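Quick note, the sequences are listed as chains A and B, same order. Here the first sequence is numbered in my numbering, starting from 1 and rising by one per residue. Here the second sequence is numbered in my numbering, starting from 1 and rising by one per residue.
Quick caveat, the hints were computed from the structure, so don't treat them as lab data. One or more hints might be untrue.
[Stated by the list, open to error] Residues of chain B placed beyond 10 angstroms of chain A at every Cβ, according to the derived structure:
1) T110
2) G115
3) R292
4) V330
5) W371
6) G451
7) F458
8) P596
[What the hints assert, rightly or not] What the simulated footprint calls covered on chain B by chain A, stretch by stretch (three residues with Cβ under 8 angstroms from a Cβ of chain A suffice, anywhere in the stretch; the number is not a length):
9) 234-245
10) 459-469
11) 544-554
12) 602-612
13) 643-656
[As the list claims (entries may be wrong)] Some chain B residues close to chain A (C-beta under 8 angstroms, calculated; not the full set):
14) R279
15) Y449
16) A454
17) I455
18) S636
19) W639
20) R640
Small disclaimer: the values here were computed from a predicted structure and weren't measured. We put the beta carbon where it would ideally sit given N, CA and C, even for glycine.
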Amino acid sequence: MSAFGWIHRGLVIAVLVVYAVALRLGWDLPSAHHELVPPSVRSSPGGYRSFHFWHSGFMGGK
Amino acid sequence: MSDTPQSLRCPGCGADVPLKLGNSLVAICPYCRMAIGRGNLEKLGKVAELIPTGTKLRLHTRGTLGGHHFELVGRVQLRWQAGVWDEWYASFDDGREGWVAEAQGRYYVTFLVPGCTPPPLADLHPGGRVALAGVGDLTAVDFKTAELASAEGELPEGLTPSRRTVDLEGDGGVFATIDYGDGTEAPEVFAGKQIGSAEQHLSHTAESPAPAAAAAGGQKLVCPHCQGPIDVRIPGQTKRVTCAYCHGLLDFSSGALRYVAALERLQQEPKIPIGKTGRLSSTDYLVAGYLRRRCTVDRVDYDWEEYLLYSAAQDAFFWLVASDGHWSFVRSISAGAVAQKGGIAIFEGKRYRKFSAVVATTVSVLGEFYWEVAAGETWFADDYIQPPLGLSCERNDEEVAWSQGSYLEPHEVEKAFGLTGLAAERVGVGAMQPWPHAGEVRPLRRWSYAGTAAIWIFSIALGRLPTTLTELKLPPLPDPVAFQSGWAEYVPPVLGDGGVNDGGLAEAALLAPVPGQPVELAGTSEAVGSQSFLSQPFDVPPHENMEVRLQADVDNAWAWVGGAIIQKDTGESDSFEVEASYYHGYDDGYWSEGSPIAAAHFSALPAGRYVARFDYEWDPKRPRPSATLTVSSGVSRAWRFGLALLLVWLIPLVRLVQRGRFSYLRWQESNVGLRTGGGDD
Numbered sequence: 001m002s003a004f005g006w007i008h009r010g011l012v013i014a015v016l017v018v019y020a021v022a023l024r025l026g027w028d029l030p031s032a033h034h035e036l037v038p039p040s041v042r043s044s045p046g047g048y049r050s051f052h053f054w055h056s057g058f059m060g061g062k
Numbered sequence: 001m002s003d004t005p006q007s008l009r010c011p012g013c014g015a016d017v018p019l020k021l022g023n024s025l026v027a028i029c030p031y032c033r034m035a036i037g038r039g040n041l042e043k044l045g046k047v048a049e050l051i052p053t054g055t056k057l058r059l060h061t062r063g064t065l066g067g068h069h070f071e072l073v074g075r076v077q078l079r080w081q082a083g084v085w086d087e088w089y090a091s092f093d094d095g096r097e098g099w100v101a102e103a104q105g106r107y108y109v110t111f112l113v114p115g116c117t118p119p120p121l122a123d124l125h126p127g128g129r130v131a132l133a134g135v136g137d138l139t140a141v142d143f144k145t146a147e148l149a150s151a152e153g154e155l156p157e158g159l160t161p162s163r164r165t166v167d168l169e170g171d172g173g174v175f176a177t178i179d180y181g182d183g184t185e186a187p188e189v190f191a192g193k194q195i196g197s198a199e200q201h202l203s204h205t206a207e208s209p210a211p212a213a214a215a216a217g218g219q220k221l222v223c224p225h226c227q228g229p230i231d232v233r234i235p236g237q238t239k240r241v242t243c244a245y246c247h248g249l250l251d252f253s254s255g256a257l258r259y260v261a262a263l264e265r266l267q268q269e270p271k272i273p274i275g276k277t278g279r280l281s282s283t284d285y286l287v288a289g290y291l292r293r294r295c296t297v298d299r300v301d302y303d304w305e306e307y308l309l310y311s312a313a314q315d316a317f318f319w320l321v322a323s324d325g326h327w328s329f330v331r332s333i334s335a336g337a338v339a340q341k342g343g344i345a346i347f348e349g350k351r352y353r354k355f356s357a358v359v360a361t362t363v364s365v366l367g368e369f370y371w372e373v374a375a376g377e378t379w380f381a382d383d384y385i386q387p388p389l390g391l392s393c394e395r396n397d398e399e400v401a402w403s404q405g406s407y408l409e410p411h412e413v414e415k416a417f418g419l420t421g422l423a424a425e426r427v428g429v430g431a432m433q434p435w436p437h438a439g440e441v442r443p444l445r446r447w448s449y450a451g452t453a454a455i456w457i458f459s460i461a462l463g464r465l466p467t468t469l470t471e472l473k474l475p476p477l478p479d480p481v482a483f484q485s486g487w488a489e490y491v492p493p494v495l496g497d498g499g500v501n502d503g504g505l506a507e508a509a510l511l512a513p514v515p516g517q518p519v520e521l522a523g524t525s526e527a528v529g530s531q532s533f534l535s536q537p538f539d540v541p542p543h544e545n546m547e548v549r550l551q552a553d554v555d556n557a558w559a560w561v562g563g564a565i566i567q568k569d570t571g572e573s574d575s576f577e578v579e580a581s582y583y584h585g586y587d588d589g590y591w592s593e594g595s596p597i598a599a600a601h602f603s604a605l606p607a608g609r610y611v612a613r614f615d616y617e618w619d620p621k622r623p624r625p626s627a628t629l630t631v632s633s634g635v636s637r638a639w640r641f642g643l644a645l646l647l648v649w650l651i652p653l654v655r656l657v658q659r660g661r662f663s664y665l666r667w668q669e670s671n672v673g674l675r676t677g678g679g680d681d
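Just chain B, same shape as in the assembly:
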C-alpha cells in the first residue's frame, strides 16, 4: 500500500485517473469507465456501470487484518446465473495483495498461493475433498461460471471476460478459490480465511464513507407488475422478494424491482407473519422469508416450512424450520468443518447419524431472500441427527451447503414470536427432538448407584453366615441308615377306633433318642417307599432365615420330603415339603429336566430348641435313593439381593425402555435404514 499520489491520463477522456499502487496493471477511469492498461496506456475497452449490490465496502476503504493495514484499491463485479457479487482488490502495508469477498454478511480474505497446482476442474465435484499444497484438505462447495460485469479502481491483472471458479472451505474458517479463468491459462489458487464482520476490520474515511444505513423498516417500493406496495426490509442483502398482492416473484439484485414470474398462491399461510420480529436466545430476528418445501418418499408427500430469519446485529441469516409441529433453529456452517464417514457426519467433535436422504423441492415462496429463490428449485438434502442437534447437507450440481440445526420446544417459538397452540401441532417424534426425560437420567442413575452401593454394604454388614443346624444322610437301601446327630427313624402309630392321640407320646419318646441308635418302631416303610425321621433337638438362633435342603441321588426318579421344624418348648411347628426329581434321556436329542437338589425356605423362627421331622418318600418300585437332608439357618438368598437391586433400578429401567421406544418411533420416520433406533439420545 502506498500513500504516494500517482495518476495517469485517461486515453479515453483525458481525465486524471488517481492511482494508489505502482504495480497495478489495469486502472478503470472513474469518469468514462475506460479500462486502461497502465503499461502503454492502452485502451482495453469500457466497462459497464457498477451494479448496486448492497455492499458495505467502498473503494479506498481501509482496514486492519492480522495487525496489517490494508486498503481496498479495486473492485471486480462478476455476474453468474443467480446474480452479481463483488471481489475487492486489497493492498496491504506489508506488500501483499489480496482479495476481499463478501457473501451473506460473511467476509473472506484470500491471497494468491504461488506454485500451487490444483486438480483439473473435471475432477472436482460439490462436496468432494481437495488437497491443495500449502493450504490443506478442503471441501469443494461452490462451482460458478461468471462473467465480468463491471470494475473500478486498480486491478492486478487484465480483465477476463468469463471464468470458471471453484470455492472451497476447510476447517477453522479456511477458504480458498481456484480460478480456472477461461481455460487458456494455468489456474490460480487463492487461499485465506473467513473473517468476522466488516465492522471488526474496516474503517471508513471521508474518501470512502460508509454506505448510508438502511432506512428503518427498509425500503418501500412498488411492485412493477401490480403497483402494490412492497417493503424490502433488508435492502442490502435482498436479491428476490415476492409481492403479497399479485403473488409475483420480483428480482431485486440490481437494487430495483423487476418482475420475474408469477407464483402460486400459498395453500397455507405461514404461522409466523413475514416482517414479524422475535427474540430467541437474547437475539432479535426478523422473519424475512418463508418457504414451503416438499419431499416425496414412497409416493407420499412430506411438507415442511422454513422461515428465513435475519439478525441485524450479526448481519446474517438463519432459519427456523417447522416439520410436523417440530421446530428447529438452523445456521449455516462451513462445509470444510464437516467430515463424513459412511452414514456418519462429524462436526465439532460430535457424530451425527444419517437420518434421511431426499430430494427437497420448494413449492411456495413468500417474503424476501438473499439469493435468487425460485419456486420449483430442487436440492438433494441429507439430514444427520444427534438430538437435539442435526446437520443438513443440501447440494446440487454446482453447490453444496451445510447447516446445523438445534431443536426448539414449541413453547420457545411461541414465546419468541408471540404465538399460541404450537405444542398441540406436534406430531410423533421429531428427527432432532431430544428425549424429554434426558435430564432426569443422571439423577436417577446417581440414586440407583447409591442404592446399589448401600445394598452391598447392608449385605456385608447385616448378612449372616450359613450355619448347619442338623443333617441326615440316607444311604441307599439295603445299607443300614446312618443316623447322624441323633436322628431316629419314626414310624407313626396307627389310629385306633377311638382316635387315640399318640403323637405326643411318640414325640416324647423320640425327642430323647439314643444318639446314633435307630429306633425301630412298628411297621415297615421300605415296602411303601417311605420313611420318617426325627432329629435330636437343636438350637435355632434368632433372626436368621431357615433352609431345609434335600440333595437326593435321583436318576430318572423322584424323592420327596415333607416334614416340620417343631419348637420343643411350645410345640409349634412349621411344616414344609420339597421334591427332588431329575429325569433325562434321548428324544430327538438329549434332554433333561428337574434337579436332584431342592430346598424350602422360611423366615426366621423364634429362637429356641427345635426338632426336625422328615417324611421321606420315593418311588416304591425302586430302591430308596440316597439323600442328604440339611436344616440350616442364616442362608444367603439371592432373590432378596436381586429384588432389592431390581427395585432400585426399576425406574431407570422404565426410563430406558421409554427412551428406546422414543428412539424407535424417531427412526420409524427415517428413510435410510436405521429404523431399529438405538441409543441416539
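The shape of chain A in the complex, shown without the other chains:
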C-alpha cells in the first residue's frame, strides 16, 4: 500500500475517534461572540456589566 493509502487509513481512524469524542462530550465550534467571564471579574467593582451596559448599542443592519 502506498504512503497515501496509509495516510488515508490514519486520517479515517483519527476522524472517527475525534468525531465520536465530539459527539460524546458535546464539542462544538463556538460561533458569534463567545467568552468566559470568571466570577472574579464579575465581582470586581465595576467589573461586570452586561453587554448591553458596556455596549454603545449595536449599529448593524443597513
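Chain A is fixed; fit chain B onto it per the hints.
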C-alpha cells in the same frame, strides 16, 4: 480425399503425372511445368517455377481440422504489387474441397459458399461492413489485384491469369474471400476461419517432409549492392531487409536479395538494437525491424518509433511502440472483431474512445520485415484508447489493419531488453498511460465507505436529541412582554462615582423572580431600542453542546442579542452575541440578504444550574420586533457531520482531482476534440 493412385500422361513431356483426386480439372506436370486440362489432356500452357515463399506447407502435407483429415493436393501462387502468396487446395475426407492460405504465421481455411452473391466490387471499401448470406456480417480488410505466378499439383478450376479479390474478417476468427476473378464470371465467395498454428493441424510425411528448420541465427547473406554481410534472421517470413552498411533496401520475397532502393541514414539510432532478444510476459521476442514514423498536426511534426518483434514460439510478429518515452506492446487483431460507432470502437466488450486521427508516414527503416516495407509509405491512422489499452486502425485505399496495444512501463522495457534510463525519457501523459494511482482507488474508497458508515452509526448511537432549556417570546411593543419560564426584564443599574458594584445584587434579585411577573427596574429601554432579560434558573445536562437561537420578526430591519449563560453556583458565564437582520427590495430585480434567524453555539458547559441573560437591541427608530429567544442543548450540528465526511473522503477526492488533471493532460494531446478529458481512467 482419395488414396487410390491415379495418373495421367503429360502431353508436354510424356511423364506420368500422379493424381490424388478424381475430379480435379487441372494438373501441373511436376517435370515440365505444363498445366494439363484433365478432360482431354489439353495443354493449357506452362507455368513458371515456384517462387520460394518460406511456407511451412508442402504438397501432400496432411492434416486434421474439425475431426476431418485433409491433404494438400495443389497450390496456386499469386503475385500482387507487394509480393507473392500461396493458396493451397485441400481435399477433405468428407468430400469437401477447400483452400488453405497463410499470412504472417496465421492460417486460414475456407470453403466455397454456394449460392452466395456478394455485392459489386465497386460498393466495397476497406473497413466497410459486408453482409454475406450464409456467412454473416464481415469487414472488408484487404483488396488485391493478383496475377497467377505459378502452380503445382491438382486444381479444381482453370488457371485465371489475373483476379480481383477482397478479404474479409468477422468476429471469432471468421474469414472470407470474395474472388471477383477477371470480371468475366460471377464472383465466388469462400468462407471459413482462421485456425491456429500449422503445427496444431498438420502432419508432415515422407512424401511431404517438413521444410528444413531455419538455421540458428538465420541466413547469412551478402548485400548485392555493397557486398556487406547481412543477417536474415527470419528467412521464412522476411520480405524486405535493409543493409546496415550501404543503407540499401533489399527485397527478399523470392528468397534471394535484390537491391530495391537507397534509404536515408538514420537520424537517430534505435534504442533497442536490431537482433537483440528480450523477454516480455514470459515470451521471448527478437527485435527484427525498426521504423521511425511521423505525423504532422497543425504543422508540427510528431515522431514515434516502432520496433518489429518476432516470436519464434508463436511464429508471429508484434510491435513495440515508443512515443515521447511512452511504450506499448502491440498485436494485430481481426478487423471483424472491432465494431465502430461514432468516435467509439468496441473490441472484446471494451469501449475505446477515439484519440487521434493522423496520416502516418514511414521516415526511417532498419532491419527486416514481413511485408514490402518502403520509406515514405503513408497510412491513415486512427487511435482509440481505453487506458492502459488502445486500438489502432491503419488503412489505405486497399487495406485496413487493426491492432491492439497495451501500455508498458519503462522499467518493463528496460528489464526485457536490458536498457537503462527509459523512465527519464517519458514526457507528459501517454495516450494509453494508465493513471499511476488507479490501483489505490479501490482501497481508498473502501476505507472511506467504511468511515462513512461509522460516522452514521456514531451519529445515531452517540447523538443527542435537542432539548429546549429556556425560551423567551417577545411580542411587538406596545404589547406587554409575555415572560415565560420566569423571565424578567433586567435594567442594569448605573454606576455611581464610586463605581458601585451592584451586578451581584441585581442578579440576586433576579435569580428568583416571581414567575410570570415582569420586574420593572429603573430606566426605560424602549426609548433607546434595547431591553435586557434574565431567565429563571434551568438545568444544563452534561456533555451536550449549547445553542442560543434568535428568531426575530425583522423586515428590512435588524435585531441583536448579546448575553450570557451564567452558572448559578460558580458565577462563571459564557457570553455570546447574535444578530438577525433581513433586508430585501427591488433594484434591477428582487433581492434579499440576511435572515430573520440567527444562532450562536458553543461546546458543552459543565452540568449544573444556569440562568440566561439576554440584551435585546433593535433599531430605536422602529418598534421593537417580536422575537423568540431559545436556549437549547444537544443540538444537531451539520458541520460536524459534514466535516467528518469531508475528511474521510478528503484523500479520495484529492486523488479524483489528480486523476482529472491526468486525464486532462492526456486529452490535450488529442486532435479529435475531446480535450476536456473525462473519466477515461
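Item checked: Which numbered hints fail -> Failing hints, ascending: 6, 7, 9, 14, 15 and 18.
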